[in-house]
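Protein chains in written order, with my numbering: chain F, 4 to 491; chain S, 2 to 73; chain C, 393 to 614.
Heads up, a few of these hints could be off.
[To be verified] Using 27 Å as the maximum straight-line C-alpha spacing, the simulated DSSO-like pairs for lysine-lysine come out as follows:
no. : chain 1 : residue 1 : chain 2 : residue 2
1   : F       : LYS100    : S       : LYS63
2   : F       : LYS311    : S       : LYS63
3   : F       : LYS472    : S       : LYS42
4   : S       : LYS46     : F       : LYS311
5   : S       : LYS39     : S       : LYS49
6   : S       : LYS41     : F       : LYS18
7   : F       : LYS104    : S       : LYS46
8   : F       : LYS163    : S       : LYS49
9   : C       : LYS599    : F       : LYS193
10  : F       : LYS18     : S       : LYS49
11  : C       : LYS587    : S       : LYS63
12  : C       : LYS435    : S       : LYS39
13  : F       : LYS311    : S       : LYS49
14  : S       : LYS38     : C       : LYS599
15  : C       : LYS399    : S       : LYS46
16  : C       : LYS549    : F       : LYS193
17  : C       : LYS399    : F       : LYS193
18  : F       : LYS254    : S       : LYS63
[As the list claims (entries may be wrong)] In silico negatives: residues of chain S with every beta carbon more than 12 Å from chain C:
no. : residue
19  : LYS38
20  : GLY40
21  : LYS49
22  : ASP53
23  : LEU56
24  : SER58
25  : GLN59
26  : GLU62
[To be verified] The calculated label-pair distances, taken between Cβ atoms and stated as ranges, are:
no. : chain 1 : residue 1 : chain 2 : residue 2 : range
27  : F       : PHE44     : S       : TYR28     : 23 to 33 Å
28  : F       : LEU297    : C       : ASN553    : 29 to 39 Å
29  : F       : MET123    : S       : TYR28     : 49 to 59 Å
30  : S       : LEU14     : F       : PHE154    : 39 to 49 Å
31  : F       : THR412    : C       : GLY563    : 50 to 60 Å
32  : S       : ILE12     : C       : ALA565    : 37 to 47 Å
33  : F       : GLY155    : S       : LEU14     : 48 to 58 Å
34  : F       : TRP283    : S       : LEU61     : 40 to 50 Å
35  : F       : MET123    : S       : PRO65     : 32 to 42 Å
36  : F       : THR475    : S       : LEU61     : 55 to 65 Å
Don't read these hints as lab results, they were simulated from the structure.
Every residue, glycine too, gets a C-beta built ideally from N, C-alpha and C.
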Amino acid sequence: MQSNATLEYDYSIVKLFIWTAVIFGFVGMLIGVLIAAQLAFPDLNYLLGEYGTFSRLRPLHTNVVVYGFTLSGIWASFYYSGQRVLKVSINESGFLKALTKLHFLLYLVIAALMVLSLLMGITANKEYAQMEWPLDVIVVLTWVIFGIIMFGLIGLRREKTLYISMWYYIAFFLGVAMLYLFNNMEVPTKFFSGGLGAWYHSVSMYAGTNDALVQWWWGHNAVAFVFTVPIIAMIYYFLPKESGQAVYSYKLSLLSFWGLMFVYLWAGGHHLVWSTVPDWMQTMGSVFSVVLILPSWGSAINMLLTMKGEWNQLTENPLIKFMVLASTFYMLSTLEGPIQSVKSVNAIAHFTDWIPGHVHDGVLGWVAFMVFAALMHMAPRVFKREIYSKSLLEAQFWIQTIAVVLYFTSMWIAGITQGMMWRAVDEYGNLVYSFIDTVSVLHPYYAIRAFGGLLYLIGVLMFAWNIFKTATAGRRLEQEPRYRSPMA
Amino acid sequence: MTSVEIEQLRIYLYLIGTGLAVVIFYYYIIHLYRSEKKGKKDYEKYGKLALDDELDSQILEKNPKLENDKKE
Amino acid sequence: MFHWLEKNPFFFAVGVFVVIAYAGIIEILPNFAERARPVKGLKPYTVLELAGKEVYKKDNCIACHSQLIRPFKSETDRYGQYSLSGEYAYDRPFLWGSKRTGPDLHRVGNYRTPDWHANHMWDPKSVVPESIMPAYKHQFTNLADLETAYAEAVTVKKVFNTPYGKEIAPGKAAFEKYKKDILLPEALKIAKAMKRDDLVKMVEQGKVPEIVALVAYLERLK
């Protein structure tokens, strides 16, 4: 083993994932803006023939932003901060280093096949788990490789105690593995029918209500273990590091961790309130959703209090702005979700645009902001150059903040309007509105939402440009910055 | 097993499991604060792990398995 | 004890796993059979309907349409009897959807006709002027994948004991026989009800366009 004097953290894999995050972020959100615009202006459905309808593109949008943009950001962060809090370099093991390359390669293969198959309409048709079984097999393989790398690094670590971020990364690995395996249990039809039909086609192991339960156990907890757990892992590392302030209360972070782990899984039932799943499960979903506020806010408040006495950094450092707003949006959406899962509210909110509204204040405000901040924090260290433009970063922050506000306010109004119109009755108890009335009324809100999305996309472009220029034209740094990221 | 039996088993499992989780959780809280008060363990020092994360930073607690080959 | 856990990644991981798996074990695993029981008189999907369900999946109708009528008066007035668990017993995967940009379809077969569907899928605005749904003209030329649908029927019969008759059996020969004797006549009936000569002609030539299969499936939703 090399001595520490010459040993350095290995950022080659981090760089690769930074680039995929930027590219998938742009592509995924571009599709998002297109499908948002299609709802306001239906003629946009015909740009790509059969492949360009809203219905075909929507899973592409969700998959590219969730598994392209977000996962890339998470893995870039993991390979960066994982090495650092464990005080071990990937360079110390040739085996692990080779596996990281394989990890990235397989990831690209999956991404390409996923885009292709979804465009062609080859889909298992479960939300956020659309990929057919051959792809599932590669996904599982990739996940195992990721697991080997993570536990391999942990095995080589110099620091005995695992920092809280590592806890969350471990939970991320385990949670996704368990849920993904169970939800994607499917039977390939070719092998059971004497070689008939398409080889990639499969049929779900579960039927009807059971399938719904398993799917939303997954669907909800994909949010937990992709959009929450690893993002918390990121903020627990990047916010203290960028601000130079240790976590406000390490004990609180441990308690929130166990609370979140226990409670989150129960809340899946809130996607199925008023459906045909047993009543007690619906109630359990509602109740635990409300309980979930506690560990969620525990983490968020811990983050905000970390800035105690250092609030001046909020005005001086755009990265701190991104992270503090991310925590704030995390608080907002973890309050909004439980409200929506209360049975009486759910009766109105379910099936309406309030739900995509809720999802997007979470993902645009919390997940994406945190990913942007993390990537920008890593950029000067990884590329050994100063961040290209502070003012561009500031402008991006404000444009995107306005974009998110436009997005969720329009969707709140749209959702509640539609939910109320569906149930409106006249004095004789007859329904007042035909279904199409409740669609036409949404046009202005759909237009505002598409505009908000467009603003956000512009912000992403600014970000991509900023990263690109940082990597190629930023002023070279002699020394790795300790806390605050240097920017021009 | 009949479905009624499964249903009962489920209820017992749920009550026992959740009860146990709550007890362990509160015990954990007490444990965290008590061990800090007694001076046995300072949990807050681990917050520093994110800040001092260079390869040559001070290591809080060495991983004993690696002690042999890490003598620089 | 706790501190030991924090320093031993393997046992820590086991602990985390137990905590996150707990909810699933309690909620989902038991009683699977109970919820999977079909309502009385429920027939499994015909192969043509399954092919239609594949079209429904391929064009991802669940992005905008639910198949779940909730037990409220406003919903039963609009869509009909609220949905029962046993009605979904043969739905693999379930197609409840999570968003109603368009109306619920769980009982659409009760109040729409094949020719209405034909017009609607060709040009939604021709029947609902303010509709924001795109036209699905490609379904009138693309052919439905009957063989895969048949393979699915064989698979669910074998693996999940879905009650199909002897006509559903593995192998190419069985499929060709089924197609000629049962599937094409069924498709022809639908095509005729859709009142489009081009579709009838195609089916008579032994080709089933996606739209015919899809309408067979939608007609089945009652």
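Hint-by-hint comparison with the structure:
Note on F/LYS100 and S/LYS63: the hinted pairing holds, with a Cα-Cα distance of about 23 Å set against a maximum of 27 Å. Only pairs whose Cα atoms come within 27 Å are accepted, and F/LYS311 paired with S/LYS63 is rejected, the gap being roughly 31 Å. A hinted pair counts as satisfied when its Cα atoms are at most 27 Å apart, and F/LYS472 with S/LYS42 does not qualify at roughly 46 Å. Under the criterion of a C-alpha separation no larger than 27 Å, the hint pairing S/LYS46 with F/LYS311 is consistent with the structure, at around 17 Å.
At roughly 21 Å between alpha-carbon atoms, S/LYS39 and S/LYS49 fall within 27 Å of each other, so this suggested pair holds. Between S/LYS41 and F/LYS18 the alpha-carbon distance is near 42 Å, which puts this suggested pair outside the 27 Å criterion. For the given pair, F/LYS104 sits about 35 Å from S/LYS46 by alpha-carbon distance, which is inconsistent with the 27 Å threshold. For the suggested pair F/LYS163 and S/LYS49, the alpha carbons sit about 14 Å apart, so the restraint of at most 27 Å is met.
Our distance criterion of 27 Å between C-alpha atoms is met by C/LYS599 and F/LYS193, whose separation comes to about 22 Å. About 26 Å separates the Cα atoms of F/LYS18 and S/LYS49, which keeps this hinted pair within 27 Å; it holds. Pair hint C/LYS587 plus S/LYS63 does not hold up; C-alpha atoms about 79 Å apart against a cutoff of 27 Å. Distance restraint check for C/LYS435 and S/LYS39: the Cα-Cα separation of roughly 69 Å exceeds the 27 Å cut-off, and the hinted pair is therefore not satisfied.
With a C-alpha separation of about 16 Å, the suggested pair F/LYS311 and S/LYS49 falls inside the 27 Å cut-off, and the hint holds. For the proposed pair S/LYS38 and C/LYS599, the alpha carbon gap of about 80 Å is over 27 Å, so the pair is violated. Under the criterion of a C-alpha separation no larger than 27 Å, the hint pairing C/LYS399 with S/LYS46 is consistent with the structure, at around 15 Å. The suggested pairing of C/LYS549 with F/LYS193 holds, with an alpha-carbon distance near 13 Å, which does not exceed 27 Å.
For the proposed pair C/LYS399 and F/LYS193, the alpha carbon gap of about 47 Å is over 27 Å, so the pair is violated. In summary, the hint linking F/LYS254 to S/LYS63 is supported, as the alpha carbons are separated by about 21 Å, within the 27 Å threshold. Against the 12 Å criterion, S/LYS38 stays outside the reach of chain C, whose nearest CB is about 15 Å from its own CB. Consistency note on S/GLY40: stated as away from chain C, and its beta-carbon is indeed over 12 Å from all of that chain's, at 14 Å minimum.
In this structure S/LYS49 is separated from chain C by more than 12 Å, as the shortest Cβ-Cβ distance comes to about 15 Å. The claim that S/ASP53 lies off the interface holds: its Cβ sits roughly 18 Å from the closest Cβ of chain C, which is beyond the 12 Å cut-off. At roughly 20 Å from the closest C-beta of chain C, the C-beta of S/LEU56 stays outside 12 Å, upholding its exclusion from the interface. At roughly 19 Å from the closest C-beta of chain C, the C-beta of S/SER58 stays outside 12 Å, upholding its exclusion from the interface.
Listed as a non-interface residue, S/GLN59 keeps its Cβ farther than 12 Å from every Cβ of chain C; the least gap is roughly 18 Å. Listed as a non-interface residue, S/GLU62 fails to keep its Cβ farther than 12 Å from every Cβ of chain C; the least gap is roughly 8 Å. Separated by about 59 Å at the C-beta atoms, F/PHE44 and S/TYR28 break the suggested range of 23 to 33 Å. At roughly 45 Å, the beta-carbon separation of F/LEU297 and C/ASN553 lies outside the given 29 to 39 Å, and the hint is violated.
At about 54 Å, the beta-carbon gap between F/MET123 and S/TYR28 stays in the expected band of 49 to 59 Å. For S/LEU14 and F/PHE154, the hinted distance range of 39 to 49 Å is not satisfied, since their beta carbons lie about 30 Å from each other. Checked against the given bound of 50 to 60 Å, the beta carbons of F/THR412 and C/GLY563, roughly 59 Å apart, stay inside it. For S/ILE12 paired with C/ALA565, a C-beta distance near 53 Å fails the hint of 37 to 47 Å.
Distance hint for F/GLY155 and S/LEU14: a CB-CB separation of about 36 Å, inconsistent with the stated range 48 to 58 Å. Checked against the hint of 40 to 50 Å, the C-beta distance between F/TRP283 and S/LEU61 comes to roughly 46 Å, which is consistent with it. At about 54 Å, the CB distance of F/MET123 to S/PRO65 disagrees with the hint of 32 to 42 Å. Taking the beta carbon of each, F/THR475 and S/LEU61 are about 38 Å apart, not inside 55 to 65 Å as hinted.
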